[in-house]
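**Q** Numbering (my numbering), first residue to last: -8 to 246.
Calculated directly from the structure, the hints in this document are not laboratory data.
Yeah, the Cβ is synthetic: ideal placement off N, Cα and C, and Gly gets one too.
Each hint should be verified, as a subset may be incorrect.
[To be verified] Taking lysine-lysine and the DSS-like style, the derived pairs with C-alpha atoms no more than 25 Å apart in a straight line are: (1) Lys207 / Lys56; (2) Lys119 / Lys237; (3) Lys91 / Lys60; (4) Lys213 / Lys241.
[Unchecked claim] Now the in silico label distances, taken between C-beta atoms and shown as ranges: (5) Lys241 / Glu52: 16 to 24 Å; (6) Arg88 / Asn239: 31 to 39 Å; (7) Asp35 / Ala193: 18 to 26 Å; (8) Ala205 / Ser26: 36 to 44 Å; (9) Ser108 / Glu163: 40 to 48 Å; (10) Arg161 / Asp35: 16 to 24 Å.
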Amino acid sequence: MNKNKVVIAALMSALMVGCGDTPNSDESVNVASLSKPNFSAMTDVNEKKAAFFAYLMPSVEQENKRVTKERDFLLKIKAELDAGESLDNEEIDHARRLSKMYSVSFIGDGVTDAWLSHMLLRVDVLPKELVLSQAANESAWGTSRFATEGNNYFGQWCYRKGCGLVPLARSEGSTHEVAVFESAYRSVNAYFMNVNRNSAYAELRDLRAAQRRAGKSIEGTKLAEGLTRYSERGNAYVTEIQAMIKHNNKYWSQG
-8 MNKNKVVIAA
2 LMSALMVGCG
12 DTPNSDESVN
22 VASLSKPNFS
32 AMTDVNEKKA
42 AFFAYLMPSV
52 EQENKRVTKE
62 RDFLLKIKAE
72 LDAGESLDNE
82 EIDHARRLSK
92 MYSVSFIGDG
102 VTDAWLSHML
112 LRVDVLPKEL
122 VLSQAANESA
132 WGTSRFATEG
142 NNYFGQWCYR
152 KGCGLVPLAR
162 SEGSTHEVAV
172 FESAYRSVNA
182 YFMNVNRNSA
192 YAELRDLRAA
202 QRRAGKSIEG
212 TKLAEGLTRY
222 SERGNAYVTE
232 IQAMIKHNNK
242 YWSQG
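Can you build the whole structure from these sequences, using the hints too?
**A** Here you go:
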């Protein structure tokens, strides 16, 4: 599993216990309670791939639904402000909650053009092919110790003692652990929040915004270019993720 070079300790500690990042809808609960297949027992490669993607796909789709709903709200209040309308207290309160969730400063009423631009960079979907390819890469198709014991499919670290699983090959003097999640869905949620607000992935968010401005579909192989800091392998990691996206193309069209 690749090591994440840039992880915010406080962020990961919060994400492990939810801290309001995950909606408490019935649909979210249903996704979180999906039964985990025994990927290690699967000897057929195609069977394992299909099962892995089918297992995580609902969580990815649920996260993108959540983010889309949040983004639609931001676009709605932007349109209201552009039309010279004032926001009501409920809208301001919701904007404030999203601001805290995405680690964007919110002062007073806080909804300015600059604030909206910053938020819209962060509050956006992630292509399923990118998310699932990273999950497969980081978790060895769901067979890694961290996936099987901790529902961690993306190699997320945490730094509070006892917050996760201690890597067996952790170097002397290191204090990080690999975060533990109560479900695969929580791991996917943590990944979304990490990529959408961590400064290490600002390039990915800029690439996504550029695709939006150009009227293009948000495409996984392009966004992967912004993941050089996800792994100590840098560009080699990006190339590997892009190759996985292309090689497994048939699964994306089935989702």
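**Q** State for each hint whether it applies.
**A** Here is what the structure says about each hint:
| no. | hint | in the structure |
| --- | --- | --- |
| 1 | Lys207 / Lys56 | holds (19 Å) |
| 2 | Lys119 / Lys237 | holds (13 Å) |
| 3 | Lys91 / Lys60 | holds (17 Å) |
| 4 | Lys213 / Lys241 | holds (18 Å) |
| 5 | Lys241 / Glu52: 16 to 24 Å | holds (18 Å) |
| 6 | Arg88 / Asn239: 31 to 39 Å | holds (36 Å) |
| 7 | Asp35 / Ala193: 18 to 26 Å | violated (40 Å) |
| 8 | Ala205 / Ser26: 36 to 44 Å | holds (41 Å) |
| 9 | Ser108 / Glu163: 40 to 48 Å | holds (45 Å) |
| 10 | Arg161 / Asp35: 16 to 24 Å | violated (34 Å) |
The structure does not agree with the numbered hints 7, 10 stated previously, though it agrees with the rest.
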